[in-house]
Amino acid sequence: MLASPDSMSAAVLAAFGEPLEIVRFPRPVPGPGQLLVRLLACGVCHSDVHIWRGSGIPQHPASPFVMGHEGIGVIAALGEGVTGWAVGDLAGIPWIHDTCCRCDECLDGHESFCQHHRAHGLNVPGAFAEYVIADARFAVSLPPTIDALTTAPVMCAGVTAYGAIRKAELEAGDSCIIFGCGGLGLYAVQLASRLNIRVLAVDRDPAKLQIARTYGATETEIADDGLPSRLAAGDTRYHACINFAPTTATWDSMIAGIRPRGRIVAAAMVFEPVPLIQEWLTATGVVITGTSVGTRQQMRELIAIHQEHPLEVEIEVISLEQVSDALLALERGTSRGRFVIEF
Numbered sequence: 162m163l164a165s166p167d168s169m170s171a172a173v174l175a176a177f178g179e180p181l182e183i184v185r186f187p188r189p190v191p192g193p194g195q196l197l198v199r200l201l202a203c204g205v206c207h208s209d210v211h212i213w214r215g216s217g218i219p220q221h222p223a224s225p226f227v228m229g230h231e232g233i234g235v236i237a238a239l240g241e242g243v244t245g246w247a248v249g250d251l252a253g254i255p256w257i258h259d260t261c262c263r264c265d266e267c268l269d270g271h272e273s274f275c276q277h278h279r280a281h282g283l284n285v286p287g288a289f290a291e292y293v294i295a296d297a298r299f300a301v302s303l304p305p306t307i308d309a310l311t312t313a314p315v316m317c318a319g320v321t322a323y324g325a326i327r328k329a330e331l332e333a334g335d336s337c338i339i340f341g342c343g344g345l346g347l348y349a350v351q352l353a354s355r356l357n358i359r360v361l362a363v364d365r366d367p368a369k370l371q372i373a374r375t376y377g378a379t380e381t382e383i384a385d386d387g388l389p390s391r392l393a394a395g396d397t398r399y400h401a402c403i404n405f406a407p408t409t410a411t412w413d414s415m416i417a418g419i420r421p422r423g424r425i426v427a428a429a430m431v432f433e434p435v436p437l438i439q440e441w442l443t444a445t446g447v448v449i450t451g452t453s454v455g456t457r458q459q460m461r462e463l464i465a466i467h468q469e470h471p472l473e474v475e476i477e478v479i480s481l482e483q484v485s486d487a488l489l490a491l492e493r494g495t496s497r498g499r500f501v502i503e504f
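Counting from 162, one number per residue, gives the positions in the sequence shown under our numbering.
Keep in mind that the hints were calculated from the coordinates and are not lab data.
Backbone N, C-alpha and C define an ideal beta-carbon position, used for all residues, glycine too.
Heads up, some of the hints might be wrong.
[To be verified] Distance ranges between label pairs, derived from CB positions:
id, residue 1, residue 2, range
1, Gly270, Val184, 23 to 29 Å
2, His277, Arg497, 33 to 39 Å
3, Gly494, Gly451, 21 to 27 Å
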């Protein structure tokens, strides 16, 4: 039997940690202020691994539970009242589906910290599907010439890296350590180097450090047990330490490498505690903070940067049916770059 033209395929999370189920169900209809987007590509993010395993799941997750928040597609239909968009426009589907637009964080321009925001692939159905609903206010306007496959990871990994660089308040001539040279870390290396920031890239994998050098890192270090001692014994202290590695193992090295009044920025999702001596804070004035994806303004800035000089990333193109294998590879740390679903 032929599939209905009004239906779509999607990868659905039916049980945490189990392979996603490829199912068909009716294509959604955009409501007021919404867009219906036909997906061309969707990246697979490390945050998807946490969601797949059931970490940080809200009381009312998406239904159907379709994951994915690095989507790019073509607008297929407009909901009532939508302005500024047209059928056929290219749109990005980022992490943020919508926010409350009323809290201090939203009103102060820090909407990614809105405690009431809803996320694609978590609170509302996401982009591991042939079609997805997006809020017209938060969808990302993209130039028609942009490449969907290489731009899909920019919707989360790229803007998270950009948001972290901005959160670190780095300026030309400053120095920073970037911990973790996966997709996010390598984006951050490129962005920092373009801002004339001296970058020390740290990772366990020598091959990733070699890539970091080609992307603009001026120094590299292997993330081994001796790294904190080497950083503490060195003459250089860094203006910022940004952690993209989902582990507490980087903490001692960040403490050893940061300069007085420097900024430690947590970008990875790390659920375990780390030791902190408050007297050290009073003696150094170090600022410890976190970053969460990025705002719509930061996304616009990043897309302009990417359009002028595309950010490099190794892409492994997969089908929708292969997304469970991609999640497992990300969890095991065996991925070579960014997995991107091609529809």
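| task | Kindly indicate which numbered hints from before are broken by the structure, ordering the numbers from low to high. | result | 1
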